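Number of protein chains: 2
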Amino acid sequence: MAAWGERLAGVRGVLLDISGVLYDSGADGGVPIAGSVEAVARLKQSRLKVRFCTNESQKSRGDLVRLLQQFGFDISVDEVTAPVSAACQILRERGLRPHLLIHDGIRPEFDEIDTSNPNCVVIADAGESFSYQNLNKAFQVLMELENPVLISLGKGRYYKETSGLMLDVGAYMKALEYACGVEAEVVGKPSPEFFKSVLREMGVEAHQALMIGDDIVGDVGGAQRCGMRGLQVRTGKFRHRSCQRLHQSVPVIQDSTPERPVNENWNLA
Amino acid sequence: MAAWGERLAGVRGVLLDISGVLYDSGADGGVPIAGSVEAVARLKQSRLKVRFCTNESQKSRGDLVRLLQQFGFDISVDEVTAPVSAACQILRERGLRPHLLIHDGIRPEFDEIDTSNPNCVVIADAGESFSYQNLNKAFQVLMELENPVLISLGKGRYYKETSGLMLDVGAYMKALEYACGVEAEVVGKPSPEFFKSVLREMGVEAHQALMIGDDIVGDVGGAQRCGMRGLQVRTGKFRHRSCQRLHQSVPVIQDSTPERPVNENWNLA
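Protein sequence lines, in the order shown, are assigned to chains A and B.
Sequence positions in the first sequence follow this note's numbering and run 2 to 270.
Sequence positions in the second sequence follow this note's numbering and run 2 to 270.
Think of the hints as simulated: they come from the structure by calculation, not from any bench.
Every value quoted in this text rests on a predicted model; they were computed, and no experiment measured them.
Treat each hint with caution, since some may be false.
Claimed, not checked - Result set (BS3-like, lysine-lysine): computed pairs, CA atoms no more than 25 Å apart in a straight line:
{"id": "1", "chain 1": "A", "residue 1": "K138", "chain 2": "B", "residue 2": "K50"}
{"id": "2", "chain 1": "A", "residue 1": "K197", "chain 2": "A", "residue 2": "K45"}
{"id": "3", "chain 1": "A", "residue 1": "K138", "chain 2": "B", "residue 2": "K138"}
{"id": "4", "chain 1": "B", "residue 1": "K138", "chain 2": "B", "residue 2": "K50"}
{"id": "5", "chain 1": "B", "residue 1": "K60", "chain 2": "B", "residue 2": "K138"}
{"id": "6", "chain 1": "B", "residue 1": "K197", "chain 2": "A", "residue 2": "K138"}
{"id": "7", "chain 1": "B", "residue 1": "K45", "chain 2": "B", "residue 2": "K197"}
{"id": "8", "chain 1": "B", "residue 1": "K197", "chain 2": "A", "residue 2": "K161"}
{"id": "9", "chain 1": "A", "residue 1": "K60", "chain 2": "A", "residue 2": "K161"}
{"id": "10", "chain 1": "B", "residue 1": "K45", "chain 2": "B", "residue 2": "K138"}
{"id": "11", "chain 1": "A", "residue 1": "K45", "chain 2": "A", "residue 2": "K138"}
{"id": "12", "chain 1": "A", "residue 1": "K138", "chain 2": "A", "residue 2": "K60"}
{"id": "13", "chain 1": "A", "residue 1": "K60", "chain 2": "B", "residue 2": "K197"}
{"id": "14", "chain 1": "B", "residue 1": "K197", "chain 2": "B", "residue 2": "K50"}
{"id": "15", "chain 1": "A", "residue 1": "K138", "chain 2": "A", "residue 2": "K50"}
What the hints assert, rightly or not - Label-pair ranges, simulated between beta-carbon atoms:
{"id": "16", "chain 1": "B", "residue 1": "A28", "chain 2": "A", "residue 2": "T163", "range": "50 to 56 Å"}
{"id": "17", "chain 1": "A", "residue 1": "R98", "chain 2": "B", "residue 2": "F72", "range": "38 to 44 Å"}
{"id": "18", "chain 1": "A", "residue 1": "D112", "chain 2": "B", "residue 2": "K197", "range": "29 to 35 Å"}
{"id": "19", "chain 1": "B", "residue 1": "P193", "chain 2": "A", "residue 2": "L9", "range": "48 to 54 Å"}
{"id": "20", "chain 1": "B", "residue 1": "R93", "chain 2": "A", "residue 2": "A10", "range": "19 to 25 Å"}
{"id": "21", "chain 1": "A", "residue 1": "Q134", "chain 2": "B", "residue 2": "D75", "range": "31 to 37 Å"}
{"id": "22", "chain 1": "B", "residue 1": "G27", "chain 2": "A", "residue 2": "R226", "range": "35 to 41 Å"}
{"id": "23", "chain 1": "B", "residue 1": "S198", "chain 2": "A", "residue 2": "R240", "range": "34 to 40 Å"}
Stated by the list, open to error - Derived list of chain B stretches under chain A, where covered just means 3 residues or more per stretch with a C-beta under 8 Å from a C-beta of chain A:
{"id": "24", "stretch": "119 to 132"}
{"id": "25", "stretch": "214 to 225"}
Ideal placement from N, C-alpha and C gives every residue a C-beta, glycine not left out.
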């Protein structure tokens with residue numbers, strides 16, 4: 002495996018995932034991951050451009066940033082790219098009126114969107130709102146459409162909360178895809194459009210950027226397919242066993258898992 | 002398209018799906034499908050062997066048969082093959098202790114099965130019990146296993162109730178498969194083992210058997226892959242639009258949809 006200096010040569014910008022990298026969420030508000038507050042501080046004092054790139058869709062960017070600031074992170078709202086605003090832009094551009102299967106925490110962000118007489122479904126990490134009744138309603142809306150459009154804010158398999166691993170939106174996206182015979186449009190990681198929009202905001206080229214995350218598919222694989230480098234931390238949802246299983250289907254990213262102890266994983270600056 | 006006499010030449014046994022063919026289920030108990038009571042009666046008076054082959058996993062066979070008898074159907078419990086007993090046999094043979102994500106209606110059928118310290122997950126059509134919390138628990142059990150085993154009683158996309166289309170177990174099976182990176186073992190239609198066990202019970206060969214159902218994949222496609230003939234009725238979940246979408250991915254079964262009015266669809270005898 003190449004030395005670290007060599008592997009990071011030419012990096013000008015760093016994209017940081019939030020959940021599982023900066024903190025673990027939880028019903029109690031969550032906890033910061035040891036060493037992360039200091040690592041972000043050092044990165045921001047360095048020559049590197051830094052941006053936070055999250056698939057968070059239970060909290061608004063404002064609520065998320067306020068929480069992270071309370072933990073001591075140096076972070077502001079305009080440094081964060083999240084899928085909700087990209088989704089709203091797509092809905093407006095294409096004249097789509099969504100049926101929303103989302104967490105109440107982000108419902109206000111759709112206040113300006115026409116949701117009457119839906120002609121598409123938007124799903125996000127709805128958490129407890131993923132009841133049978135609510136998923137079935139989204140299914141029924143899709144089945145009534147001549148050309149069903151399903152937009153998913155991310156396609157994560159699961160994430161880690163303080164209480165344990167939790168199913169993410171991707172599992173429910175797959176359920177609807179299968180039941181309706183459609184393919185979802187993913188807004189957020191690992192969509193190439195999403196990564197490219199972050200790179201544009203940072204003003205760096207893909208080959209100059211490093212994505213740091215705990216999701217081997219959404220963070221590392223997605224970044225690599227865009228020509229970026231990917232680094233998987235061993236915090237958050239990282240688990241040796243599942244990682245091995247997924248590596249079998251995503252062999253391209255196998256060598257990007259750093260063999261470093263957790264707290265130093267992405268302490269690059 | 003071949004004439005009906007020719008298409009049914011040599012048929013000695015008929016397998017009948019129940020939900021969507023004999024009746025539409027519903028919170029109110031459901032309703033028989035017009036003409037079905039009479040068609041079953043005529044079939045049973047004919048020279049054809051008849052067996053009922055269902056993926057029902059919300060009700061026990063006893064409860065289901067009692068309901069159908071109330072509607073006037075000539076049916077008894079030993080004429081019905083359902084996946085629960087096949088699943089219990091597999092659990093016993095392989096020493097599997099299931100975590101059960103099932104409807105309360107079939108829980109008593111697992112009374113004799115050891116469910117302590119689970120080493121697999123069994124899912125069935127759990128209906129309202131498919132809450133986020135329950136699905137997440139099944140996911141967590143699978144993620145803790147070194148060799149996760151997921152057994153699904155059927156893999157139907159959806160079925161029709163009197164109130165409308167309802168998500169079936171297959172959607173939740175796909176959700177768990179995706180989240181855990183595993184492939185489920187399906188017990189029930191369209192599993193070839195399941196169809197073969199029904200043929201053995203009937204004492205007819207595959208080429209002598211006709212499966213009648215409303216599910217283009219689970220009933221018709223599954224039967225055809227076993228060498229049987231398949232006939233899709235236009236009742237139950239049948240819908241022109243979704244059928245066209247699914248036909249694109251299962252072209253082999255396209256010519257088995259009879260161009261007949263609903264009530265005569267399977268009135269063969």
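Against the structure, the hints:
1. A/K138 x B/K50: At roughly 40 Å apart (the allowed maximum being 25 Å), B/K50 and A/K138 break the hint.
2. A/K197 x A/K45: Since the Cα atoms of A/K197 and A/K45 sit roughly 21 Å apart, the hinted pair holds (cutoff 25 Å).
3. A/K138 x B/K138: Satisfied, since the Cα-Cα distance of roughly 23 Å is no more than 25 Å.
4. B/K138 x B/K50: At roughly 43 Å apart (the allowed maximum being 25 Å), B/K50 and B/K138 break the hint.
5. B/K60 x B/K138: holds (23 Å)
6. B/K197 x A/K138: Not satisfied, since the Cα-Cα distance of roughly 36 Å exceeds 25 Å.
7. B/K45 x B/K197: Distance ~21 Å between B/K45 and B/K197 Cα, so the pair holds.
8. B/K197 x A/K161: With a Cα-Cα distance of about 43 Å, the restraint between B/K197 and A/K161 is violated, given a limit of 25 Å.
9. A/K60 x A/K161: holds (16 Å)
10. B/K45 x B/K138: violated (45 Å)
11. A/K45 x A/K138: Violated: A/K45 and A/K138 sit about 45 Å apart, past 25 Å.
12. A/K138 x A/K60: holds (23 Å)
13. A/K60 x B/K197: Judged against 25 Å, a Cα distance of about 51 Å means the pair is violated.
14. B/K197 x B/K50: The hint holds at about 15 Å.
15. A/K138 x A/K50: Status violated; Cα separation ~43 Å.
16. B/A28 x A/T163: 50 to 56 Å: violated (38 Å)
17. A/R98 x B/F72: 38 to 44 Å: Once the Cβ atoms are compared, 41 Å apart, the range 38 to 44 Å for B/F72 and A/R98 holds.
18. A/D112 x B/K197: 29 to 35 Å: violated (56 Å)
19. B/P193 x A/L9: 48 to 54 Å: holds (53 Å)
20. B/R93 x A/A10: 19 to 25 Å: Since the Cβ atoms of B/R93 and A/A10 sit about 59 Å apart, the hinted range of 19 to 25 Å is violated.
21. A/Q134 x B/D75: 31 to 37 Å: Given a distance of about 36 Å, which is inside 31 to 37 Å, the answer is holds.
22. B/G27 x A/R226: 35 to 41 Å: Given range 35 to 41 Å: violated, Cβ gap about 46 Å.
23. B/S198 x A/R240: 34 to 40 Å: holds (38 Å)
24. 119 to 132: With 6 residues in contact (Cβ-Cβ under 8 Å with chain A), the coverage given for the stretch 119 to 132 of chain B holds.
25. 214 to 225: Violated, because only 0 residues of the stretch 214 to 225 of chain B bring their Cβ atoms closer than 8 Å to Cβ atoms of chain A.
Hint check: violations occur at hints 1, 4, 6, 8, 10, 11, 13, 15, 16, 18, 20, 22 and 25; the rest are consistent with the structure.
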